[in-house]
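Residue numbers (our numbering), protein chains in the order written: chain A, 1 to 81; chain B, 1001 to 1385.
Bear in mind the hints are in silico, worked out from the structure with no lab data behind them. Hints are not guaranteed to be accurate.
Quick list of in silico lysine-lysine cross-link-like pairs, DSS-like style, CA-CA up to 30 angstroms [unchecked claim]:
#1 B:K1073 x A:K58
#2 B:K1382 x A:K46
#3 A:K46 x B:K1333
#4 B:K1073 x A:K49
#5 A:K54 x B:K1023
#6 A:K46 x B:K1252
#7 B:K1073 x A:K54
#8 B:K1252 x A:K49
#9 B:K1073 x B:K1023
#10 B:K1212 x A:K58
#11 B:K1026 x B:K1357
#12 A:K46 x B:K1073
#13 B:K1212 x A:K54
#14 A:K58 x B:K1230
#15 A:K49 x B:K1333
#16 A:K54 x B:K1230
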Amino acid sequence: MTETAPTITRTVDARGSYCPGPLMELIRAIREAQIGDTLAVYSSDKGSKVDIPKWVEKAGHRLVALETRDGYDEIIVEKLR
Amino acid sequence: MQRIVILGGGVGGTLTANLLVKKLRKRIDAGKVEVVVVDATGQHVYQPGFMYIAMGGERAANLSRPERSLLDKRVTLMVGKVARVDEDAHHVELEDGLILGYDHLVLATGSRIVPEAIEHFEEEAHHFYTAAAAARLRSALDAFDGGRIVIGIAGMPYKCPPAPLEVSFLIESELRDRGLREKSELHFCSPIGRAFTIESVSEMATPILEQKDIELHTFFNVEAIDPDRKMVMSLEGEELPYDLLILVPPHKGQQFLMDSGLAPAPGGWLPTDRHTLQVAGRDDVFALGDATDLPLSKAGSTAHFEAPVVAERIAARVLGRAPEGKHADYEGKVMCFFEIGDGKGTLLQFDYDHPPKPPKPNQLWHLGKIVFNKTYWHTVPKGRV
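The following block holds chain B by itself, in its conformation from the complex (with noise of 0.2 angstroms):
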């Protein structure tokens, strides 16, 4: 018998184990392979939804399933929290005692929010990388009549690189919509020189911070919030006052992982090949999704895209065999969705050596957004796209 062990029960974990099965479902069946799922709460929860909650009358209770419902019933899910991997004894211990050995370990782990690691971050600054903080942004939005608004990001890598602009894009159209325009300003702050990291992205965007009238601030690391004189403070020394603080909060990679020896503090990503996505010099262990070090977009579509790689790496591996076919190796592709605002948007699509090239935003791809969104739960986690 052998034991994969997949960690994490999100995108990439679920896809993982769900193709793992249509590689291997007669030695599964027979006995001789067992998939394993460990996930902290044992409910799939559909993040890219949360920005709607706060821009788009999204609701909590649409944006999660129990992850049982989402995997093959040959798939065995266990919810519980891993405590630490031990390489040389080949097992995961979980915080409730539990030892659970692997042959081949898949590191779906994602990422965390610290808002923690700036001082009056949770009392001052807003946010949407949870269903309950964006709840409390919709209400603060619904509050706003006017002001200074300033959206930024305090701290890289973080999920789903475009959200920040898309909601300054959002939050901007509102205003007009809500007659509020004229007496509010929007200021973007980017950590980097430009607006995004990706070039041809940030030309696509600049203009359209600049119609829309939103101040763009290069090279702004938030470095502490006062919530005396209501500024936000950058380590280059810039100061912004603000009525609407929205930021991006800083983000790490699995505590456990660090303690394990995986992945390096202080950020705790885990070295990962770019292409095989074996866990540095290591040929059982695999991660994929927010999880890894790896210079692409932490969302899931990036993990959407890895999962089959995975699959067909341990699939080979336990059948004895090359990897093979298309999926042998990641090419680094991505593909999302970017809202611009006024019901417009775009798509971003690209690999490690093709940049994106977005098309001119129209309504198609908003409403292509939109409908991703709504078929998630009948595609992607079941390999079906």
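This is chain A alone, in the form it adopts within the complex (with noise of 0.2 angstroms):
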């Protein structure tokens, strides 16, 4: 079996945005989706790859991927409830 990359449905470009700006915006995206929709979250804030995973987990989501790009953090998670 391979590996594909997640099927993107929405993205949220939050860089520029302060703690807890970027995961506000998830918050109002994910209120916004629907179950199984898979959102990516661009931050440049250090804090949002230790906050966004952190809510994640509370919120019963699930983390897809972290990884830092130039510059900025790409956050993916799929809707889940």
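With the hints as a guide, dock the two chains, each given alone in a separate frame, to form the complex.
This is how it looks when you write it as structure tokens:
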């Protein structure tokens, strides 16, 4: 079986926004998304790669990927409920 | 003749107008410059006082004065609601049909609460973001004789970020004084992973919550209220029962800013340059106070420290020079008092590059807040501090 990149349903570009801005923008997007959707958050705030995975776990969603890009982090989340 | 139009007669709009008079007095007196403030009600309201209606015997009548009495006589005050801003035509349209042209525009339009965004909020949840709501909360506290109090935040950003923590501390203190503490539980719900957005303040507040036996619930984003079961539910899937529910209502920017294409929906916050305070890509439109999207407290203090920069930058445009001096750029300065309860307080002072280092809570900072509240009318709007 080959691993394929997840299909992103929606991208939330929160670069330039400061804590807790990226988390709040993800929460807004999750509220609007359907179960099974996959969301990507771009954040240049260093706190996001700690805060967002913690929130994802608490809220019962799935952290699909967390990757550091050029000057920002890309965090991919699947809405599970 | 150049006309500077300032929308909003709160801290930011009033102070900007009065500072512009100080900088441009000769030109105003010569009829070359006009400063106009447009305000929806004509009443200047000291909103930080609302919390004290609920918690400290303050009266609504003490918290409102005619905007005219706070403005320099050279400033024109127009009372009316804004319908839209037409940037191409360089004018503002009021709801009564009046059209007001501008050469420089200041958006000091604040934020508004939208409790109706959450079903059952208005009949179930108390808050302290209007004088009337704060008075209702006071009555509810007077009638409270023990049980579960849940305090939370039903949307970010919101005005005066420390306020829900302050209210938690003050209520805990009051319950002890009234002999109700043993019969009561206090729960504080934070939408993020800690007690407060700024880490250093969170580090100060968390042990105080523990010491006062106020249970902290993190990542609790209010999603719904069930009035039959007296339960508040979070997006994260938690449910908390309550006997008394106190929630910061969701906030938004003004609708006309979204309708005019100046601020994006759904929040309606103006995209604002963090140093020049210009609204994205525009030379002649400035924003300050709650109306901006800056990562700072929505608080009068923010507007207080932004107004000198807006005034300097507009004066420089009028006078055909570069902005100069210590108010050429905004560095994110904010300063506010923080109530801890039991007659003690602390101080939060910070800017973009320096997070707050709150001093150990003591009586002095509490008294500082009380004195500031009482002397506000004579100091801040007139540019004396």
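Here is how each hint holds up against the structure:
1. B:K1073 x A:K58: violated, 56 angstroms
2. B:K1382 x A:K46: With a Cα-Cα distance of about 40 angstroms, the restraint between K1382 (chain B) and K46 (chain A) is violated, given a limit of 30 angstroms.
3. A:K46 x B:K1333: holds, 22 angstroms
4. B:K1073 x A:K49: violated, 53 angstroms
5. A:K54 x B:K1023: violated, 50 angstroms
6. A:K46 x B:K1252: holds, 26 angstroms
7. B:K1073 x A:K54: violated, 55 angstroms
8. B:K1252 x A:K49: holds, 27 angstroms
9. B:K1073 x B:K1023: holds, 15 angstroms
10. B:K1212 x A:K58: holds, 25 angstroms
11. B:K1026 x B:K1357: Since the Cα atoms of K1026 (chain B) and K1357 (chain B) sit roughly 43 angstroms apart, the hinted pair is violated (cutoff 30 angstroms).
12. A:K46 x B:K1073: With Cα atoms ~49 angstroms apart, K46 (chain A) and K1073 (chain B) exceed 30 angstroms; violated.
13. B:K1212 x A:K54: Measuring from Cα to Cα gives roughly 26 angstroms; hence the hint holds.
14. A:K58 x B:K1230: Holds. K58 (chain A) to K1230 (chain B) sits at ~23 angstroms (cutoff 30 angstroms).
15. A:K49 x B:K1333: holds, 27 angstroms
16. A:K54 x B:K1230: The given pair, whose Cα atoms are some 28 angstroms apart, holds under the 30 angstroms limit.
Going down the numbered hints, you'll see the structure goes against 1, 2, 4, 5, 7, 11 and 12, while the others check out.
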